[in-house]
Each structure stands twice: as structure tokens, then as C-alpha cells.
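Chains A and B are the protein sequences, given in the same order. Just remember that my numbering sits 146 ahead of the position in the first sequence, which is counted from 1. Just remember that my numbering sits 12 ahead of the position in the second sequence, which is counted from 1.
There may be inaccurate statements among the hints.
Each computed SDA-like pair below joins lysine to any residue, with the alpha-carbon atoms no more than 25 Å apart [unchecked claim]:
no., chain 1, residue 1, chain 2, residue 2
1, B, K232, A, D179
2, A, K162, B, I228
3, B, K223, B, P150
4, A, K162, B, P32
5, A, K174, B, F224
6, B, K235, A, A193
7, B, K235, A, I192
8, B, K96, B, G282
9, B, K232, A, I192
10, B, K25, A, H209
11, A, K184, B, Y17
12, B, K232, A, G163
13, A, K184, B, G24
14, B, K232, A, C194
15, B, K19, A, I156
16, B, K232, A, V182
17, B, K25, A, R159
Since the hints were made in silico from the structure, they are not lab data.
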Amino acid sequence: MSGAKARIEIIERYCKGCSICVEFCPTKVLAMDAFVVKVENADACIACNQCELRCPDFAIKVHKL
Amino acid sequence: MAYDYEKSIRPGKLPHIWCPGCGHGIIMKGLIRAMDTCNLDRNNTAVVSGIGCASRLPGYLDACTLHTAHGRAAAFATGVKMAKPEMTVLVVGGDGDGTAIGGNHFIHACRRNIDMTYIIMNNSIYGMTGGQFSPCTPTGALASTTVYGNPDPTFDIAKLAIGAGATFVARGTAYHAAQIDKLIAEGIQHKGLAVIEILDDCPTTYGRRNKFRSVIDMMKRLKDIAVPVAAAAKMTPEQLEGKVLTGVLHKEERPEYTEQYAEVIKRAQGV
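So here's chain A without its partners, still in its complex pose (with noise of 0.2 Å):
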């Protein structure tokens, strides 16, 4: 059973890879993907919104479950 308290979709086009979102997740939900952010470990998300809060280029949204 997934543990996720959100789904979080990222929309790769407006993505910059500035990497904030991957350093102040709390549980490591994201990771880089060369040049983009990814869902690495969806499982472990919290639905903290900490990642679209900070996200500058409206690249995250976090749906709540």
C-alpha cells in the first residue's frame, strides 16, 4: 500500500532545474533528472507543499489524497 499523502506532478516544460524543491523536501520525495525534476521516491511524501511553495517557475504542483 503506497504511503503517499499527495500525488505530485511536475510539468517538465516551465522546469529550470534549480534544484531548490529536491534540497528542501523533508522526506527526499524529488531528485534531479539531468536537466529536470523527478518523482524519485513518491511513496514518502508527506503533502508538506513545502516543494510548490518554493518551486519559482510554477513547475509544481502537489494534489493532496
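We have chain A; now place chain B onto it with these hints.
Below, chain B alone, put in the same frame as chain A:
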């Protein structure tokens, strides 16, 4: 559901032009949330800017927007507010645009206490024009025009605004993203001139020259230097060395300019 920012952005405008890691996008999101908090009608809200990276913001926002001459945002915004006092007027811009080239307009908008909200994105540099030093570049820092270190002391925008007569002054940072909308919303709801300074990062023209290895280092620095006003009250001057106060720094009530001016019009017309 995720926060719906797209409804406030002009279709087809994203991705924006700001560099990877630039905090302007974080501040723009805060501004959109604040506009929603205050239930602003976008057809009755003017967002005015001058020139610079930060001043590109109104181009993305779906509101009544005005992109004006360098440093003149406060002057144009004053004109909009005088002509249409019922409009909500927001001014956005950078530290160079607001406090150097537009310093004169800025202090006089503060002095008049005209009902506007001035959001200054302070990234310590002129980013768009090539990294020249601004009045907010830290002493000793490197810029394209201070290659041996900046000899100038730094403007404290909040103190400048308070000294000039602004009746609401607050400061946040791009790192403290969740606080930005609350400060801006409080500024919008305040009757009179509200100055919201948001400390920002410019990884491209400031960070690289000043030994920040990445945008993450710049964000962590913002986290480290920010001290909320309440916490600062319990700290010694030594502990506060090198720190910057955040939160609402000043709030007072004083007659608002367009209301005062309406009285002048009444007197002149003898009614």
C-alpha cells in the same frame, strides 16, 4: 487540489524569463496568493512596475498592468491612484529600480502616504542590466562595476521607508515562502503606503561573483540571516550582528493622500 496560480497568469506566458533559482517567481506566487486572500478584482487592480528583472512581473499577471520607465513605477502608480482612487494599486520592482533610480519617487510616495502597496524584491544587484552594484549591494561585495569590492554602505529599505513616512513596513525573504503572501495581504489591507521588502537571491549576476556555489547556498543564507521581530526582541545586539529582522516592522495610522486630496478639491470648488 494544488493551488491554482494559472487563473491569475496571462495564457501562454509561462515559462517566465527569470533565471533558474531566481526568487522572483516565488514572490510572484506569494503576490498571487495575497491577491486571492484579499479577494481583489483583477479588473480593478493596477500592478505597476519600472524596469528590471523584478519589473517583468506585471507582464505575466492577468490584471490591469503598467510597465513603465526605469525607477518611475511609484510616479505612474501615484497617477493611477489619483485618477482612480477606487482602484487597488500595487507597485512591484527591484532594489535598484526602487531605491536608486526611483529613490526620489519612492520616498515621496512614502511621505504622502498614498494608499498603495510597494513590493520591493531586494536581490542586492541590478540583475537585468548586467550586475552593476545597487544601493542594496552589501559593502565589500563584488559586482560588475565594483570588481575590487563595493565601498558603499548599504541602504536599509525598511528604515528608509519608515523614515520617509510609510505607514506599513514589512520584510520577508524568498526562503520564507509561506510568509510572503501574509505580509503582502496585510500591506494591501492597510490604508496608506505599505512597503513590503522581500529579500531575494540573484544567482546569475550576484551569486556567481560572490562565491555562492549554488542557488541553494543563497537560499540557506536567507534562512540564516532572517530573524522574526518577536525573536529579535529577546536577543542581544551581539546575537543580532549580521541578522535581518523579518515580519511587520512598522505600522501606524495617518491620513491617506487621495482622501486628503479629495478634501482639497471640495474646498477649491467651494462645496
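Structure-based check of all given hints:
1. A threshold of 25 Å between alpha carbons decides the hint, and for B:K232 with A:D179 the separation of about 23 Å falls inside it, so the pair holds.
2. The straight-line distance between the Cα atoms of A:K162 and B:I228 is roughly 14 Å, inside the 25 Å bound, and the hint therefore holds.
3. Between B:K223 and B:P150 the CA atoms are separated by roughly 14 Å; this keeps the pair inside 25 Å, and the hint holds.
4. Distance hint between A:K162 and B:P32 is fulfilled; the C-alpha atoms sit about 5 Å from each other, no more than 25 Å.
5. At most 25 Å may separate the alpha-carbon atoms for a hinted pair to count; A:K174 and B:F224 meet this at roughly 23 Å.
6. A threshold of 25 Å between alpha carbons decides the hint, and for B:K235 with A:A193 the separation of about 22 Å falls inside it, so the pair holds.
7. Between B:K235 and A:I192, the direct Cα distance comes to roughly 22 Å. Compliance with the 25 Å bound is thereby established for this hinted pair.
8. Taken as a hint, the B:K96 and B:G282 pair is honoured in the structure, with Cα atoms around 22 Å apart against an allowance of 25 Å.
9. For the hint pairing B:K232 with A:I192, the CA-to-CA distance comes to about 22 Å; that is within 25 Å, so the pair holds.
10. Between the alpha carbons of B:K25 and A:H209 the distance comes to roughly 23 Å, so the proposed pair stays at or under 25 Å and holds.
11. Straight-line distance between C-alpha atoms of A:K184 and B:Y17 comes to about 21 Å, which keeps the hinted pair within the 25 Å bound.
12. A hinted pair counts as satisfied when its Cα atoms are at most 25 Å apart, and B:K232 with A:G163 qualifies at roughly 18 Å.
13. Proposed proximity of A:K184 and B:G24 is supported: the alpha carbons are some 24 Å apart, at most 25 Å.
14. With a CA separation close to 19 Å, the supplied pair B:K232 and A:C194 stays within the 25 Å bound.
15. A hinted pair counts as satisfied when its Cα atoms are at most 25 Å apart, and B:K19 with A:I156 qualifies at roughly 18 Å.
16. In summary, the hint linking B:K232 to A:V182 is supported, as the alpha carbons are separated by about 21 Å, within the 25 Å threshold.
17. Restraint check: the Cα-Cα separation between B:K25 and A:R159 comes to about 12 Å, which is no more than 25 Å; the hinted pair holds.
Figure legend: structure checked against the earlier numbered hints; every hint is met.
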